Amino acid sequence: MEPFRHIESVVVPLDRANVDTDAIIPKQFLKSIQRSGFGPNLFDEWRYLDRGEPGKSCQGRPVNPDFVLNQPRYQGAQILLARDNFGCGSSREHAPWALLDYGFRVLIAPSFADIFFNNCFKNGILPIILDTQTVDRLFREASATPGYRLAVDLPEQGVTTPDGHTLPFQVDPFSKHCLIHGLDDIGLTLEHEEEIRQYESKRRKDYPWVFIPEEASRLGFSG
Amino acid sequence: MSAKTLFAKIWDAHQIRQDADGTALLYIDRHLVHEVTSPQAFEGLRLNRRTVRTPEATFAVPDHNVPTRDLAQGIQDPVSRLQVETLENNCREFGIRIFGMGDPRQGVVHVIAPEQGLILPGLTVVCGDSHTATHGAFGTLAFGIGTSEVEHVLATQTLTQKRPKTMRLTLTNTLGPGVTSKDLVLYLIGQIGTAGATGHAIEFAGEAIRALSMEGRMTVCNMAIEAGARAGMVGVDDHTIDYLANRPYAPKGKDWIEAVIHWRHYVSDPGAVFDRELTLDASAIEPQVSWGTSPEMMAPISGQIPDPDTMADPVRQSSARKALAYMGLQAGTRITDIPIDKVFIGSCTNGRIEDLRAAAQVVKDRKVASSIKLALVVPGSGLVKRQAEEEGLDQIFITAGFEWREPGCSMCLAMNNDVLSPGERCASTSNRNFEGRQGAGSRTHLASPAMAAAAAIHGHFVDVRRL
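Just so you know, the protein sequences line up as chains A and B, in that order. Residue numbering for the first sequence follows our numbering, starting at -10 and increasing by one per position. Residue numbering for the second sequence follows our numbering, starting at -15 and increasing by one per position.
Excised from the complex, chain A in its bound form (with noise of 0.2 Å):
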């Protein structure tokens, strides 16, 4: 995972409040085994005016000019401002590779999805909660003004506006710890091989029921 400390970046305005994981990534780009590729086909079904199939290129393809993303003003940015609940519905983290892919590291949103908001960090994007007046207000500044750009300031936990004012947000110190530093949380967590391991004897021993050992699956084979 790439580290992350500073973005300073154009900001997209998405204006839609509940927007799900398969406006995100539609279904059939699912279908891949692979992390990477899902960007061109970001927000498919609204980038574009024809139905995107998975192996088909999107160069050439024709797009909607209506939608956000394609505007020329907000090309190359690397924060999406959106509106509450982001990230909704399925779990899958093809969304945020597909956010990732295409080029963002920041989201801004007054409220995400939970298990969306997991994603985000283990991906290297970092999703930042800030107030819904607040929110207004970036997305009345961001499409009043050509060229809107933010500075975001990870170690100090800061926003930062171009008349300088600085918004702080909250994150969670093991999240930022991680996102920082690029870290591999599976190679955290095997640290604690050693509590894992007793923690899951003295299951074994307490509530052996728990454990399915590998000749039960055996049991009910009918065809």
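Simulated from the structure, these hints should not be mistaken for lab results. Quantities reported herein were computed from a predicted structural model and do not represent experimental measurements. Check the hints yourself; a few may be wrong.
[Stated by the list, open to error] Quick list of in silico lysine-lysine cross-link-like pairs, BS3-like style, CA-CA up to 25 Å:
(1) B:Lys(-12) to A:Lys191
(2) B:Lys351 to B:Lys(-7)
(3) B:Lys149 to B:Lys(-7)
(4) A:Lys194 to B:Lys236
(5) A:Lys194 to B:Lys(-7)
(6) B:Lys(-12) to B:Lys149
(7) B:Lys357 to A:Lys191
(8) B:Lys351 to A:Lys191
(9) A:Lys191 to B:Lys236
(10) B:Lys146 to B:Lys(-12)
(11) B:Lys146 to B:Lys(-7)
(12) B:Lys146 to A:Lys165
(13) A:Lys165 to B:Lys149
(14) B:Lys238 to A:Lys194
(15) B:Lys(-7) to A:Lys191
For chain A, the structure is supplied; the task is to place chain B on it using the hints.
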């Protein structure tokens, strides 16, 4: 000892360690895997030269991509086939049990796991699928995870998690005749919204929940995620124990007796304190139908499509306008005046035997309306299908003009060939009415199996209580 919630009992019993900032390392008892969200996790293990730590805790099944007819020909779509084969290969390589294609037990992961007795009270259960909340019906803590977390569970049998808050939804009185668990949960989502329970584990309680069968409770918990909840759960009672008796993977003999005594403990203690409490009267709930593109856009069958102009919140107003434009509907239209093109009965929400019985009861001795282009019944599992056939339900559906298919996720998310065409309007027993969910440009109306069946017969929504 102070009174504890059901949630706290399970969480505390699974916490291996806790960091100073409250991040917990939780032990995971049961891990369910399907073909769509797992390939990258297995690939991650290989790249990092890791193994599956506790293979006996993980069970796999292909469901999202599988065709629902002509199974003898195998999967025709090469991309889908590769994904299903990848799951089979990964399971073989890492020693994981799989209910593969051709296994009579194969079906939707959230239908087959309880059916096999894999879901037991007091367990932690995870799956790379948001509808994992289903399994909370058994007094378990069950929640959906992303692929990175799937990899984490495979490698460590644990997850690092923040403790969610708790919320109790108490449903007083009982549901009226013709009103089902699906209507109950759709109504709840309509009331609290799709972010109404974000950050919370919901416990469903009260007389109306106690009266539900395990199938009904699974339907309710299944859609807890649609209210934004991390998990949905129901305390253990006789229904739970009766359901589990003699299931293939449930404990047997002396283990069973000890387990049942232990399981009775998985209820919230009297006086346990929740972060939030909400009480609703179940007897006031009517059959529900969604009108928009979010599961919170819900109306009773006696109602009409709301007018965005009357909504106070500008964001809601704009969402409702976009939804009506997408759905091709007008404010003020009565729900019973919405014509339907296709009907889908199935999914992890409503693909169980009780659901098929409820739909068949409506369909019996009637015919699908001539205006309906396709009416599909997709059983949730091979065993549900077999049981329905033993009861003659398949013949009721086929005689009425329904297609009777093989098990899988099918048109709930339309990853296989069961896809709506642009603009088509579907009465669906599934869980999401998002834009494009059942196919690009598709229009989904969520409803109960009985309501979807009645819409198939009449060509538009009708109040199933008046049939």
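Honestly, which of those hints from before does the structure not fit?
2, 7 and 8
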